[in-house]
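There are 2 protein chains.
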Amino acid sequence: MAAVNRRIVLASRPHGEPTPAHFRMEEGRVPTPREGEILLRTRWLSLDPYMRGRMSAAKSYAEPVAIGAVMVGEVVAEVVASNNPDFAVGDLVAAFSGWQDYAVASGRGLRRVDPNLAPATTALGILGMPGMTAYTGLLTIGDPKPGETVVVAAASGPVGSLVGQIARLKGARAVGIAGGPEKCAYLRQDLGFDAAIDHRGEDLPGQLAAACPDGIDVYFENVGGAVFDAVLPLLNGFARVPVCGLVSGYNATELPPGPDRSPALMRAILTKRLRLQGFIVSDFADQARTFARDVGGWLREGRVRYREDLVEGLEQAPDALIGLLKGHNFGKLIVHVA
Amino acid sequence: MAAVNRRIVLASRPHGEPTPAHFRMEEGRVPTPREGEILLRTRWLSLDPYMRGRMSAAKSYAEPVAIGAVMVGEVVAEVVASNNPDFAVGDLVAAFSGWQDYAVASGRGLRRVDPNLAPATTALGILGMPGMTAYTGLLTIGDPKPGETVVVAAASGPVGSLVGQIARLKGARAVGIAGGPEKCAYLRQDLGFDAAIDHRGEDLPGQLAAACPDGIDVYFENVGGAVFDAVLPLLNGFARVPVCGLVSGYNATELPPGPDRSPALMRAILTKRLRLQGFIVSDFADQARTFARDVGGWLREGRVRYREDLVEGLEQAPDALIGLLKGHNFGKLIVHVA
Chain A
150 MAAVNRRIVL ASRPHGEPTP AHFRMEEGRV PTPREGEILL RTRWLSLDPY MRGRMSAAKS
210 YAEPVAIGAV MVGEVVAEVV ASNNPDFAVG DLVAAFSGWQ DYAVASGRGL RRVDPNLAPA
270 TTALGILGMP GMTAYTGLLT IGDPKPGETV VVAAASGPVG SLVGQIARLK GARAVGIAGG
330 PEKCAYLRQD LGFDAAIDHR GEDLPGQLAA ACPDGIDVYF ENVGGAVFDA VLPLLNGFAR
390 VPVCGLVSGY NATELPPGPD RSPALMRAIL TKRLRLQGFI VSDFADQART FARDVGGWLR
450 EGRVRYREDL VEGLEQAPDA LIGLLKGHNF GKLIVHVA
Chain B
150 MAAVNRRIVL ASRPHGEPTP AHFRMEEGRV PTPREGEILL RTRWLSLDPY MRGRMSAAKS
210 YAEPVAIGAV MVGEVVAEVV ASNNPDFAVG DLVAAFSGWQ DYAVASGRGL RRVDPNLAPA
270 TTALGILGMP GMTAYTGLLT IGDPKPGETV VVAAASGPVG SLVGQIARLK GARAVGIAGG
330 PEKCAYLRQD LGFDAAIDHR GEDLPGQLAA ACPDGIDVYF ENVGGAVFDA VLPLLNGFAR
390 VPVCGLVSGY NATELPPGPD RSPALMRAIL TKRLRLQGFI VSDFADQART FARDVGGWLR
450 EGRVRYREDL VEGLEQAPDA LIGLLKGHNF GKLIVHVA
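So the protein sequences, as listed, match chains A and B. Just so it is clear: in the first sequence, position 16 is 165 by my numbering, and no numbers are missing. Just so it is clear: in the second sequence, position 142 is 291 by my numbering, and no numbers are missing.
These are calculated hints, taken from the structure and not from any lab test. Mixed in with the good hints, there may be bad ones.
Unchecked claim - In silico DSS-like cross-links for lysine-lysine, where the CA-CA straight-line distance does not exceed 25 angstroms: (1) A:LYS421 - B:LYS208; (2) B:LYS421 - B:LYS294; (3) A:LYS421 - B:LYS421; (4) A:LYS475 - A:LYS294; (5) A:LYS208 - A:LYS475; (6) A:LYS208 - B:LYS421.
With the hints as extra help, turn the sequences into a complete structure.
If you want it as structure tokens, here you go:
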């Protein structure tokens, strides 16, 4: 066991894009589990867009990370010492213990990870929070019907890629938007999307309209910004928009210039009878069992696939998160810690 | 029977506020019903905010009125000649026959009006389209729970007044927004609203916050604009916003100046897990029977009340509609035609 616990803390709050200077690596003693507790050693750390929000002081659905506190994040960890009869040394668990090598846990709120059922890292991706986000948001709010058109951006990421694949399993057309020809080829060839559009190419509105000749019935909102602008005119009557994320605006420091288009958005909601609904995965915690059954089953049957983007070393986490917010990752971004 | 049929047609499309010059009164022959048809004489004409939308060429959920065509509208009419065994002379029906004295109808799509059950004009108000709009939008999308706070603007109008009264019947607090002290006193004293706010007074945001100490759980959107701006920061997590109308913007000719606040609206939808959903009453046509049973019952039991603003003479309809869009009416606006 290493003598030190490395941890990455929030050094200061970014105004706009985060830089490495907003993070600080600290070293401390490995904590000692007390009676009933276990010691976790982080093996993999998940990096996700929501972390940008936690770096800001602005009120959101969760408390911000305090200055000087360990950055939040879910990990897959190995139990390396146990004073809790429910956990044995060597067990793997998913825990929200953050950007650090070690953590002590009571055992409550941990999710067991069985590497015999699926690779352990899937607990951070397709079988974890991102997968359940896609599953619950698409099926509960989006409710795609056979023959309908489902559009999702950030489509090669862990949420978007499963949104499109589930849409197809439900008989809908899946149209993905991603950055660059390599990601688009992956969506079409490996994941079976009906169409894929490179948002870095020319004329996103025209490309999207061509890919959606019958309009859009479900838009799973991950990104906002220019993609939403292209989607809105194509939404059909009674379209559903699960609002899951707005990553294109997470680094924004002010509102865009005018005119104020919010009245036009409200008018579209009215006249098209749209349903826009925000959610986070914890709102649907009661669906954890059906999610695990359905997506676990589809994964074993080879009906859904996933892709990981692995980064080596805890010290790389700040740069990797900064890149994630710019779309530099290709697949579920995971830091291999130990 | 009068020898002429007066009809008010759309003379030209307004850009901004309509004026009397956008309408034209014409006189023609009273039409003759053929086999199977009936002749209707208009007794009361309903005026409603949606009519402004039909005067514009912009695509909405219904076709615009053609230039030179009779203005659309629902009426309560009397059968004055009948070649249809299902209708007798003297029967009252509700029909979408528009701003004119007479019309021929096949009988299909007509709603019978029984003046022994309730005054015939209620078929255009609390027991008609406005009432069903309030009932279906509030209960199906808004879904107020006991103890929650429901806010509605245009609250002394036929939709808003019933929204607030049904909210109270469901155990929620009702907060109404209306123009002027007389309307506010009516909401509090006659309809039992828990609070009423004059949007013409000072500091609407501050007044609304004071009237909603526990935030807002349901906002029934009739008006948009400054009221929505005041509501948005007060919406609680998981609040529901049935979007029924945006009357404050119906005469707008361009978007307001910047910044573009639509990203802030999307961010609120995401972080507060809001549900915004547009609807029109015809989307809920399958609820007509439960609506008539429930609201009819409440009306007979004296548990809901209504107020009418009667205008005398078909020729007054253009001025009355122009005033409606400025909030000059007090209660359900109805033109007494004959």
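Against the structure, the hints:
1. A threshold of 25 angstroms between alpha carbons decides the hint, and for LYS421 of chain A with LYS208 of chain B the separation of about 10 angstroms falls inside it, so the pair holds.
2. For the given pair, LYS421 of chain B sits about 18 angstroms from LYS294 of chain B by alpha-carbon distance, which is consistent with the 25 angstroms threshold.
3. Between the alpha carbons of LYS421 of chain A and LYS421 of chain B the distance comes to roughly 23 angstroms, so the proposed pair stays at or under 25 angstroms and holds.
4. This hinted pair does not check out: LYS475 of chain A and LYS294 of chain A have alpha carbons roughly 33 angstroms apart, beyond 25 angstroms.
5. A threshold of 25 angstroms between alpha carbons decides the hint, and for LYS208 of chain A with LYS475 of chain A the separation of about 23 angstroms falls inside it, so the pair holds.
6. Between the alpha carbons of LYS208 of chain A and LYS421 of chain B the distance comes to roughly 10 angstroms, so the proposed pair stays at or under 25 angstroms and holds.
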